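With these hints in hand, go ahead and build the complete structure from the sequences.
Below, each chain spelled out in residue letters.
There are 6 protein chains.
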Amino acid sequence: MFLHTSRLQFEAKPAQPDALFARKLQELIGGAWGEMTVTMQYLFQGWNCRMEGKYKDLIMDVATEEIGHVEMLATMVARLLEGAPSEVTAKAVEDPVVAAVVGGMDVQQAIVSGGGPTLSDSNGVPWNGRFIVASGNLMADFRANVAAEAQGRLQTARLYNMTDDPGVRDMLKFNLARDTAHQNMWLAAIEELQEDGLEGPIAPSALFDEEHQEHAGTIWHNSDGTAGPEGRWASGPTPDGTHEFSYLMDPEPLGDKASAPKPDPLLYATSPANLGLIEKAIRKLT
Amino acid sequence: MFLHTSRLQFEAKPAQPDALFARKLQELIGGAWGEMTVTMQYLFQGWNCRMEGKYKDLIMDVATEEIGHVEMLATMVARLLEGAPSEVTAKAVEDPVVAAVVGGMDVQQAIVSGGGPTLSDSNGVPWNGRFIVASGNLMADFRANVAAEAQGRLQTARLYNMTDDPGVRDMLKFNLARDTAHQNMWLAAIEELQEDGLEGPIAPSALFDEEHQEHAGTIWHNSDGTAGPEGRWASGPTPDGTHEFSYLMDPEPLGDKASAPKPDPLLYATSPANLGLIEKAIRKLT
Amino acid sequence: MFLHTSRLQFEAKPAQPDALFARKLQELIGGAWGEMTVTMQYLFQGWNCRMEGKYKDLIMDVATEEIGHVEMLATMVARLLEGAPSEVTAKAVEDPVVAAVVGGMDVQQAIVSGGGPTLSDSNGVPWNGRFIVASGNLMADFRANVAAEAQGRLQTARLYNMTDDPGVRDMLKFNLARDTAHQNMWLAAIEELQEDGLEGPIAPSALFDEEHQEHAGTIWHNSDGTAGPEGRWASGPTPDGTHEFSYLMDPEPLGDKASAPKPDPLLYATSPANLGLIEKAIRKLT
Amino acid sequence: MFLHTSRLQFEAKPAQPDALFARKLQELIGGAWGEMTVTMQYLFQGWNCRMEGKYKDLIMDVATEEIGHVEMLATMVARLLEGAPSEVTAKAVEDPVVAAVVGGMDVQQAIVSGGGPTLSDSNGVPWNGRFIVASGNLMADFRANVAAEAQGRLQTARLYNMTDDPGVRDMLKFNLARDTAHQNMWLAAIEELQEDGLEGPIAPSALFDEEHQEHAGTIWHNSDGTAGPEGRWASGPTPDGTHEFSYLMDPEPLGDKASAPKPDPLLYATSPANLGLIEKAIRKLT
Amino acid sequence: MFLHTSRLQFEAKPAQPDALFARKLQELIGGAWGEMTVTMQYLFQGWNCRMEGKYKDLIMDVATEEIGHVEMLATMVARLLEGAPSEVTAKAVEDPVVAAVVGGMDVQQAIVSGGGPTLSDSNGVPWNGRFIVASGNLMADFRANVAAEAQGRLQTARLYNMTDDPGVRDMLKFNLARDTAHQNMWLAAIEELQEDGLEGPIAPSALFDEEHQEHAGTIWHNSDGTAGPEGRWASGPTPDGTHEFSYLMDPEPLGDKASAPKPDPLLYATSPANLGLIEKAIRKLT
Amino acid sequence: MFLHTSRLQFEAKPAQPDALFARKLQELIGGAWGEMTVTMQYLFQGWNCRMEGKYKDLIMDVATEEIGHVEMLATMVARLLEGAPSEVTAKAVEDPVVAAVVGGMDVQQAIVSGGGPTLSDSNGVPWNGRFIVASGNLMADFRANVAAEAQGRLQTARLYNMTDDPGVRDMLKFNLARDTAHQNMWLAAIEELQEDGLEGPIAPSALFDEEHQEHAGTIWHNSDGTAGPEGRWASGPTPDGTHEFSYLMDPEPLGDKASAPKPDPLLYATSPANLGLIEKAIRKLT
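Residue numbers (numbering that gives the first Met the number 0), protein chains in the order written: chain A, 0 to 285; chain B, 0 to 285; chain C, 0 to 285; chain D, 0 to 285; chain E, 0 to 285; chain F, 0 to 285.
Hints were generated in silico from the structure; no laboratory data involved. Any given hint could turn out to be false.
Copies of the same chain are indistinguishable here, so a pair counts whether it falls within one copy or spans any two.
Subject to a maximum C-alpha distance of 30 Å in a straight line, what follows is the list of computed DSS-like cross-link-like pairs (lysine-lysine) [said to hold, decoys possible]: (1) Lys279 x Lys261; (2) Lys90 x Lys256; (3) Lys256 x Lys283; (4) Lys256 x Lys279; (5) Lys279 x Lys12; (6) Lys12 x Lys261.
Computed from a predicted model, the values in this text were never measured in an experiment.
Right, here's the structure in full:
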């Protein structure tokens, strides 16, 4: 069960409105790598965690924090939209800056939300539930979490450069710091999973015997760039210590020709079996 | 530019058809973490790479390989569907196994594709372009790549247990091995990015000074589980070596009350300014 | 079966083109609360109505009218786009107003539709079938209909303020009036359902005995705002007359700890059962 | 900012697993009218509320409760999936009941979530952000809230009949009660908005003068069912008291013929202007 | 403006219910190539048609008919669902046929629609507005219309084989005939467009001079299958009579190496410019 | 299996950056009719082709070429974005042209992709797998392919007029030529299918006897435009030679009244059976 306090985790007060930036911030609310994604990803991972204790408790701590990040951004967007043009375009446009704003603002923030955020990204595409993963395998999920925090911090950094509003920047500095903390935290959790002997570096830590081991260390050279083999992935031990890397320079297909089976006549695929039948069918009608 | 050979990268021959499994394999084709995702993610990362050389060439090598994985799975699905029930249900159902198949098969594989795969996941939801990321920042993207290969291998492993067809398993053993190779490869590439001095462990490697550093190492205890602080993320240096972890046990909000600004009258939000006006508006009409 | 007359239900003639407003009008065509939604919602409700007579006939009357609203808007959009910039940007831009238009217009209206509407909202997101509901329960559906007409009229009102074109406003005045009529109509239908003894105010009018009645009148105070209990929902009889409202000021969870069951080993969740196995698996390989 | 306790708002303990029902419950998690929708709808309404006090505080109380409903359902789904078939179909199928389960279960709950819920509906379609509305106009939004609670209770009632598991039913009885409470609560809030003079019954309470009043009380008879005029929406005062209802029995279109403007040659619409040009273009080439 | 009669264009009476087939029929309602698609595609084409007269009038005739096809299918689905299992699974399952039905039916038809259709395809994915096109160019659009009628008839034919219910088949025989009529009709309209001199066979009939003509007749041999050049597309005049076909057997790329431009430092792409900076940034912090 | 060369199929070098055009080009990458669609449509058609030989080999040749078209466009977009405004709006805006660019550019190309393309259309909506079809019936699929190439060439032609950059136009001239070649090619393949006796002009070439033939040649006059019967689709033989066209001027519905069956009480539809029960249920509670 959840409880809420009306105070924000961190301040979200712009020095002045900026409707164009309000649109851009939507990416951090409802983008594929935004706060909504980490909120729901962590909540579902916590609820799906099969082991009581430190991992689950950590996940729920962070998940609960993230709801508050959506709240900060939603509040910031509403404040950035104060006084945004909501009237006749010609009246609203006075100089190129206003023109850029009128052209670039998210019109649904006005028409649909009355000057507030939507649950969409910066192009107005709604957030959706396929953006999250909660597989039950903590190694696989924590790798996804590091990725999410990395993409999230990267987008925040780009947005940071797109504003010089001290209030907005103040909040983004907090967001940047939290993304740093969370990247470090998930990296530490990945180390700990291995130290605890719960997971190896490769997810899932199973079926290594069954897999075709001769293909578990090779990189296939399917493109003609020549520098691929210069990296440490071209030779030497793999990071998990189980194989030697090698670079397969002239890859040959190992399978037969791709072909689909004989068609089911009830499904009407084109096939040699049709020969003559069509003509007959048409002739019969005429 | 691309070239194609009709032979498959690896064999994709089931010992016998299995329409229910053909539906499940759709997850590896068009699921959020399926082969289509890694194909397009790597292609766009390669095209978006801002540095010629080993990283870009590696990405394009792997991307090009992955198109062939979609091909293997598409071929396997068509073969697993050979002879799948395409007629009246009552005729098709003879025993519980067939009933399960008739109930559980993906009907669009018959109705839409005529016994072949669709570009959808195992619940028939189409693949979409938001599943990929190609940010230009290789550290952020390689983290996403490790995550994708980890989730992909995990799903492949689960599917491996859901069949005992030796032909299907043979192909999945190849897929498992490639996912192992690629996880190791992206992990190695992450190490190399750091050794080359191109990126630090935290993406992006910028704005560390600007971010609010006092919040860059703390974990907020927003949920009442007590074991969170038992992990190595609760104290000691962060993995990137820049901060000390600490666990904030009684987190207090740092911001003011969340509130939205005064409404724009042209947007008709409910507000105290409406007091009396409504009644007047209605009275006037009647 | 349907018939069509080429004349519009109401005039849709702008005084002059306005490409930016043509984009905004997309919200009323293909937005979640636009005319397409009410068209399809009412059609499916009519077809799904389990009772011949006045309710079903009313629904079909209104549904059929709504198709004509999509038609009016589609025509208006095409006319507003007459002469919209379809050439090189630099040529098209002469002053800030044009710049705003060039920046803010829906480029798909030109590239995809050749100067006509798409079936999308004002951010270009396509309309989709999950926006409608036709549950068969008329009380639940009429409540959804009032909501749809209310949001629709609200959006129309906002758009009305964003133009001063007399022709556009003339059409919007008709739309506003129809939304007023339809809100009143669905409200009247809700009253009538109750007067007819077909439904009570709470949908569905069943399972009241079975539900946990001690929880059917309380509002849980899960956020720290203090004014919640000042409303009439905090005490006194509920609108349906079956319970007394009360405000639960210090809510305590009634359930146990949330936990997920023991993992299935074939699904590879992280669990204490993994302890030692991973290390062994990796050791075996090397 | 939010806080979390590990205990569930209400108990979520099935007497025994039921993988087919676990799929059906997805509707209440990620369906268009499920708990995720009300959670996010109320949160965004609260953050977008332009008036401090009882309405905003109420919204935030209920919003915060709803996150806990998603949690209850997510936990229930994971428990219902305990022991669900995750192996070879032929082994898993023993009798028709198992066949129905194997055919009907949500395969992504196994393949993607490892025996837990996804953020999707009962057909596996992901939840998306367009399902919510937070317009800032409380009358319009509360009408949407009543609708959501009504559809939600209706779906819960249907699901209640699809199980006889006492543990599942126990939780659903709580959900039913909460949906009853919340329907009553939003109905009371709608009354209060009017009593407080903040909104009239028709949203928004504006532009009544401007709208074409002669069309604000008529129902158009566009379908040939004859019983439409038998309802109270056919005559007498409208519920908001501003107009008289009337039924327009032989509706005539009021507008001109629908037509699109002359095409822009740069957009290549088919038009009489093409006459002869095409032939010339082709002749020139050959 | 539209009018409606309560009678169906053709009869839609199944001999008996069949919940599994009711799910399959969803493909014809809300699938990408279903009746909803042609309805909306033709309506928008008619509204977007830039030339009064026979083409526009034809489009509107057919569009209006198609709404009635959705109606027939919606009615059929509701009737096929009569008596569908809506209770406890174990009670509902008696033999393998029922098991297949319980496993394979669309659960949302019960939970959401109360025994009626949804606006989704046979996997429950909602119809969406990107399935239609109305470009204003009649040649391009009529080609899309032939394609839609062809795919639609193909799916109908497949469904025809999946039932032996005489009532369902009776309706499908009508649908098949209409799809035949409409394929022929659009083919005739394509001929007429050319005879009228309005469009050539290639859409749009413009820019032939500007395009690089040396590439307007070649087929590139990018895959290693050897039979491609055996078709009439390998030599001889093109169907539009403007070029000679040829098969380019050893295609060479004509462009330079694909490369992305130098990165913008404010966007944090990985680049050689990062060398040394990262280390410095991290060192400074510690 | 696929191979890749780093050189582009054709040059993709803009004379200078143009961020607004970079957004528009997204339509050709990830639009419903863009290069991604033909790439995946042809690949899946090739893999699903049930007949070895010239048709399959042709499809795979073209499919493989199309991946390279996505590559050209992705490269072009990245180059057009060089130097695009990525900083504070006010700094970036200097004149109306820049304002139009700042307002109209795709902000996700900066925030998400760091100055590169996304897999979305020109409004930022992600590409999705439902845009493709691979039915196994080559006649139906080739008709879809002609349609795709026609819409694709039309959009390319429109975009050609929106730029005067010689480098961009040079690439578009190649694209136009390829779309011409491919339209001709699929038209030739449609002829060949018929000459080979594999398919007739109407897809599928089956069930002509079974369909209700009296409805296979009529056009229903459901809209009141009078010119429909002036076309060659109103009389004379159908293009496939099997029927005579006729125009049904006063169409009468052939079916009974649309009605839904009696409701299942467990699904709570509103019905006369509710009469009195509701009142009793409520009275009991109070």
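Hints, verified against the model:
In this assembly of identical chains, Lys279 and Lys261 lie within 30 Å of each other by CA distance solely inside one copy; the values are 22 Å within and 46 Å between copies. Taking the closest pair of Cα atoms, Lys90 and Lys256 never come within 30 Å of each other, the shortest separation being 66 Å inside a single copy and 32 Å across copies. Proximity of Lys256 and Lys283 under a CA criterion of 30 Å is satisfied in neither setting, with 39 Å inside one chain copy and 36 Å between copies. Taking CA atoms no more than 30 Å apart as the test, Lys256 paired with Lys279 passes in neither setting, with 34 Å inside one copy and 39 Å between copies.
In this homomeric assembly, Lys279 and Lys12 never come within 30 Å of each other (Cα to Cα): the closest approach is 77 Å inside a single copy and 33 Å across copies. Taking CA atoms no more than 30 Å apart as the test, Lys12 paired with Lys261 passes between copies only; the shortest distance there is 14 Å, against 66 Å inside one copy.
In the structure shown, a violation is registered for the earlier hints numbered 2, 3, 4 and 5, in ascending order.
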